[in-house]
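A.B. asks: Sequence:
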Amino acid sequence: MSLFELFLIAVGLSMDAFAVAVCKGLAMPKMNWKGAAVVGLYFGGFQALMPFLGYLLGSGFKEAISAYDHWVAFILLALIGGNMIRESLEDEEESLDASLNFRSMVLLAIATSIDALAVGVTLAFLAVPILSSVCFIGVVTFCLSLVGVKVGNVFGCKYKSKAEFVGGLVLILIGLKILLQHMGIMNF
Numbered sequence: 001m002s003l004f005e006l007f008l009i010a011v012g013l014s015m016d017a018f019a020v021a022v023c024k025g026l027a028m029p030k031m032n033w034k035g036a037a038v039v040g041l042y043f044g045g046f047q048a049l050m051p052f053l054g055y056l057l058g059s060g061f062k063e064a065i066s067a068y069d070h071w072v073a074f075i076l077l078a079l080i081g082g083n084m085i086r087e088s089l090e091d092e093e094e095s096l097d098a099s100l101n102f103r104s105m106v107l108l109a110i111a112t113s114i115d116a117l118a119v120g121v122t123l124a125f126l127a128v129p130i131l132s133s134v135c136f137i138g139v140v141t142f143c144l145s146l147v148g149v150k151v152g153n154v155f156g157c158k159y160k161s162k163a164e165f166v167g168g169l170v171l172i173l174i175g176l177k178i179l180l181q182h183m184g185i186m187n188f
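Here full-length UniProt numbering is used: position 121 in the sequence shown is 121, and no number is missing along the way.
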């Protein structure tokens, strides 16, 4: 897997965190970089931890399903991406909460990184250096969360659903690329 592909996965995964960070920024009466960093650390940390846990889980049964691991990767990424697209199209009101307390942030960080757990299972079937990959995913999520808080503080939640839609589409396309490469249809 190339660095560019890993970057696309990181961006796709971080769209949920970005969307919640936008709403956190909207709820902040005044832009607070310390608060934005807290949001970024929680979301980036969990976005790095979850694929690592998924990788450990996937590595446990990698041998048993190696003949069709490309299908597993495609199906997981397509399901995650499809779910993100579905959620982006729903008219769901977000409650705005500027709170950065531990319980609230851990729950949000877990909720926005569940998809990353499944992607971690997928990474177990691909030739990726897991520690650098999950650190990269965490850093990308941290940065996008910082940007999300700022965007939310300036513009509001207007672009939340568009970000989730694009993130879902990116994950589906990466899953399709993995499948087509393994089948020999596409080779780049």
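These are computed hints drawn from the structure, not numbers from a lab. A quick note: this is a predicted structure, and the numbers were derived from the prediction, not measured. All C-beta atoms in this analysis are idealised placements derived from N, C-alpha and C, irrespective of residue type, glycine included. One should not assume that every hint holds.
[Stated by the list, open to error] With a Cα cut of at most 20 Å, we get these calculated EDC-like pairs of lysine to aspartate or glutamate:
#, residue 1, residue 2
1, K150, E5
2, K30, E87
3, K162, E63
[What the hints assert, rightly or not] Beta-carbon label-pair distances, calculated as ranges:
#, residue 1, residue 2, range
4, Y68, L3, 25 to 33 Å
5, W33, H182, 41 to 49 Å
6, K34, A64, 44 to 52 Å
7, F102, W71, 33 to 41 Å
8, R103, Y68, 23 to 31 Å
9, S59, K30, 42 to 50 Å
10, M31, F102, 30 to 38 Å
A.B. asks: Each hint needs a verdict: does it hold in this structure or not?
C.D. replies: Here is what the structure says about each hint:
1. In summary, the hint linking K150 to E5 is not supported, as the alpha carbons are separated by about 26 Å, beyond the 20 Å threshold.
2. For the hint pairing K30 with E87, the CA-to-CA distance comes to about 29 Å; that exceeds 20 Å, so the pair is violated.
3. Proposed proximity of K162 and E63 is contradicted: the alpha carbons are some 38 Å apart, above 20 Å.
4. Hint check: Y68 to L3, Cβ distance near 27 Å, so the stated range 25 to 33 Å holds.
5. Checked against the given bound of 41 to 49 Å, the beta carbons of W33 and H182, roughly 44 Å apart, stay inside it.
6. Under the hint 44 to 52 Å, the C-beta atoms of K34 and A64, about 47 Å apart, fit the expected range.
7. Checked against the hint of 33 to 41 Å, the pair F102 and W71 passes, with Cβ atoms roughly 40 Å apart.
8. Between R103 and Y68, the C-beta spacing of about 41 Å breaks the proposed range 23 to 31 Å.
9. At roughly 46 Å, the beta-carbon separation of S59 and K30 lies within the given 42 to 50 Å, and the hint holds.
10. Between M31 and F102 the beta carbons are some 22 Å apart, a value that contradicts the proposed interval 30 to 38 Å.
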